[in-house]
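Q: Now for the letters of each chain:
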Amino acid sequence: MGEIHLTGHPASPGLAIGPVAVLTRAVASRATKGDPAQEAAALKTAIERAAVELAELIATVHGEAAEILEFQVAMLGDDALAEGAYEAIAGGTVADQAWRAALDAEIAGYRAADEEYFRARAADLVDIRDRVLAGLNGADAIAKISGDSVVTGDDISPSTFLAVDWTRGGAIALASGSPSSHVAMLARSRGAPMVVGLGPLPWNGQPPSLALVDGDSGTVIFDPKPETRRLFERRMAAANAAKIAADAGRLKPALTADGRRIAVLLNVAAPDDLAGLDPAICDGIGLVRTEFLFEGSRGLPGEDTQYAVYRRILEWAAGRPVTIRTLDAGGDKPIPGVTVDGERNPFLGLRGIRLSLARPEVFRVQLRALCRAAVHGTLKVMLPMVAIPSELDRANAMLDSEFAALGAEGIACARPPLGIMVEVPSAALCAEDFGAAFYSIGSNDLTQYTMAAARDIGAVADLNDAGHPAVLALIARTVEAGRKRGVEVSLCGDAAADTRLTKALLATGLTTLSVSPIAVARLKAAIAGVSA
Amino acid sequence: MHDANANRAAQTFAPLTASAVLVNPVGLHARPSVKLTQCAKGFAAKIEIALAADGPWTDAKSPVKVMRVKAPQGATLYFRVAGPDGDAALAAMLALVHDGFGEA
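Quick mapping for you: the protein sequence lines, in order, are chains R and G. Heads up: the first sequence begins at 0 in numbering that gives the first Met the number 0, then just goes up one per residue. Heads up: the second sequence begins at 0 in numbering that gives the first Met the number 0, then just goes up one per residue.
Simulated from the structure, these hints should not be mistaken for laboratory data. It cannot be assumed that every hint is accurate.
Said to hold, decoys possible - From the derived model, a few chain R residues whose C-beta atoms are all more than 10 Å from chain G:
(1) 206
(2) 273
(3) 335
What the hints assert, rightly or not - If the Cβ cut is set under 10 Å, some of the chain G residues that face chain R in the computed set are:
(4) 15
(5) 24
(6) 25
(7) 30
(8) 37
(9) 53
(10) 58
(11) 60
(12) 91
(13) 99
Cβ coordinates follow ideal geometry from the N, Cα and C atoms, glycine included.
Take these sequences, add in the hints, and give me the full structure.
A: Right under this line is the structure:
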């Protein structure tokens with residue numbers, strides 16, 4: 000048989016070569032069958048066992064993978080899922096058939112959805128169905144797949160995916176499947192190349208032995224000729240070398256091609272973002288969002304709760320500077336009990352520092368916690384949405400009085416420098432007038448207020464361009480103000496991670512960029528390509 | 000799974016209604032559905048959602064039923080809440096939606 004070229008859709012980038020492992024469905028049938036009461040009990044046990052299995056699996060994974068499985072646990076724990084099955088069992092149907100029919104009906108509902116995303120959830124329901132069926136029929140849920148394989152089949156379930164060690168270089172090639180599936184998300188985060196929508200796999204009986212998967216272009220070659228394989232391996236080697244270079248650069252200081260040192264800081268939404276990260280990848284933390292502390296139904300966080308979180312982040316940074324932003328609620332981030340409801344235009348309303356100044360009892364608690372945490376590292380505090388100097392002055396006065404009060408109580412504390420986020424055009428235009436200890440440009444809001452266009456409104460999203468000369472001029476003006484006043488200027492919006500803008504941003508004179516941890520290696524590589 | 004207390008609550012307390020636009024990418028999908036139902040279960044009030052002001056109403060405490068709604072991004076999600084902690088429940092639900100379920 001000659002080599003087979005199939006074209007589908009890329010679902011996870013990267014190149015892989017490996018032996019073909021075909022997914023097979025174990026179809027054991029139930030050994031014993033009982034009366035309706037016994038069948039209902041058997042189904043109940045199988046569902047509970049499936050939930051326990053999933054809980055055990057969740058304990059071995061993190062983040063996205065855990066959330067995907069938690070979705071399955073939530074579905075399994077909901078009586079509504081098995082309602083139809085129990086009704087059928089009461090009518091005399093055996094448990095496995097009743098369960099399969101009920102789930103197949105549910106799955107059909109997902110497959111008929113208008114949205115690709117909801118259609119892709121069918122794979123999760125199939126996973127739930129088969130796990131419970133395996134429990135009913137006494138079969139092992141998942142056949143072992145070697146992590147260096149190219150896994151092929153119609154579709155693959157999250158459980159099957161998670162049972163494979165993808166660090167060994169394997170990949171996925173599916174006849175159907177979806178780039179929006181949970182497995183595709185997982186494959187992207189684990190770096191496993193994946194191609195979906197290849198169409199019917201064109202072999203009967205004996206499957207091919209080897210496959211080349213190109214997750215960048217969405218193509219798969221089965222049983223390649225030696226020459227095809229050699230060319231593919233050469234491409235893989237080149238791609239690996241580029242990746243190794245970028246990853247190695249991740250731990251090195253960022254330098255432009257002409258030797259200018261650029262500080263790369265991290266944006267952090269919650270302390271969990273830092274788990275497993277080597278502080279050596281960054282020059283500090285440029286933005287800690289504190290909204291997460293105020294989310295959920297737990298009520299406002301107390302001083303001790305906030306202090307503990309801030310301290311943990313400072314200790315992680317091990318002396319590197321950490322910039323924590325005070326509560327940035329309002330706008331698109333309402334917080335029950337803090338923000339005001341029913342504003343006609345919340346983006347132009349009581350948000351950021353405006354809200355903190357309007358709610359001093361909430362703001363003071365945060366300032367106290369920050370002063371206490373400041374003794375554990377190099378802390379800087381940043382105020383969001385500042386428009387006029389008096390807002391900074393009022394916050395400075397409050398910080399002074401909380402610092403003095405803590406000192407009088409004999410509590411260990413330090414007074415962190417107070418800087419402003421530059422995201423309102425007025426602050427950029429008049430940056431020099433602010434007695435700020437530093438400026439941090441929030442390019443997302445600065446862009447939307449300058450261009451009068453929100454990026455999540457499709458019809459005007461094109462206008463929301465952080466690279467527009469007007470936005471770059473405001474950035475340059477802020478950099479110039481910082482130079483004149485001798486204070487640091489950084490940029491912490493999404494523009495910092497957009498490597499198409501790196502050259503333009505550095506041309507404004509910026510020397511500090513702050514991005515999410517995942518973007519560090521890419522940004523450093525982009526910086527290395529910039530010369531004056 | 001009918002909770003007798005929830006039904007009694009529904010009779011005693013006038014239902015509160017409100018709506019919010021789903022701003023998070025891909026709408027009320029798996030993770031937001033789990034968050035929504037977990038949050039709803041934290042309240043005694045009967046909490047229902049719908050894609051139209053006049054229903055049909057779906058139990059916000061059932062992930063299976065919430066997923067069946069298949070509410071896409073940009074859709075307006077209506078809430079109907081009745082119970083002793085109805086105010087807090089409604090506020091929490093709206094906060095979740097406004098916040099894009101922490102994904103926006």
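Q: Now, for every hint given, state plainly whether the structure supports it.
A: Each hint tested on the structure:
With 10 Å as the threshold on Cβ separation, the claim that residue 206 (chain R) sits away from chain G holds: the shortest Cβ distance comes to roughly 32 Å. Distance to chain G confirms residue 273 (chain R) as a non-interface residue, since its nearest Cβ pair spans about 18 Å, more than 10 Å. At the 10 Å boundary, the C-beta of residue 335 (chain R) falls inside the reach of chain G, the nearest C-beta of that chain being 5 Å off. Because the beta carbon of residue 15 (chain G) sits about 13 Å from the nearest beta carbon in chain R, more than 10 Å, this interface hint is broken.
A least Cβ separation of about 9 Å between residue 24 (chain G) and chain R falls short of the 10 Å threshold, and the interface hint therefore holds. With a least beta-carbon distance of about 4 Å to chain R, the hint placing residue 25 (chain G) at the interface is held under the 10 Å criterion. At its closest, the beta carbon of residue 30 (chain G) sits 6 Å from a beta carbon of chain R; the interface hint therefore holds under the 10 Å criterion. Of the supplied interface hints, the one on residue 37 (chain G) holds, with its beta-carbon coming within about 8 Å of a beta-carbon of chain R, less than 10 Å.
Annotation: interface hint on residue 53 (chain G) violated; nearest CB of chain R at approximately 22 Å, more than 10 Å. With a cut of 10 Å, the hint placing residue 58 (chain G) at the interface with chain R holds, because the nearest CB-to-CB distance is about 8 Å. For residue 60 (chain G), the interface hint holds, the least distance from its beta-carbon to any beta-carbon of chain R being 9 Å, beneath 10 Å. Interface hint at residue 91 (chain G): satisfied, since its Cβ lies 5 Å from the closest Cβ of chain R, which is below the 10 Å cut-off.
Because the closest C-beta pair between residue 99 (chain G) and chain R is about 8 Å apart, less than 10 Å, the hint holds.
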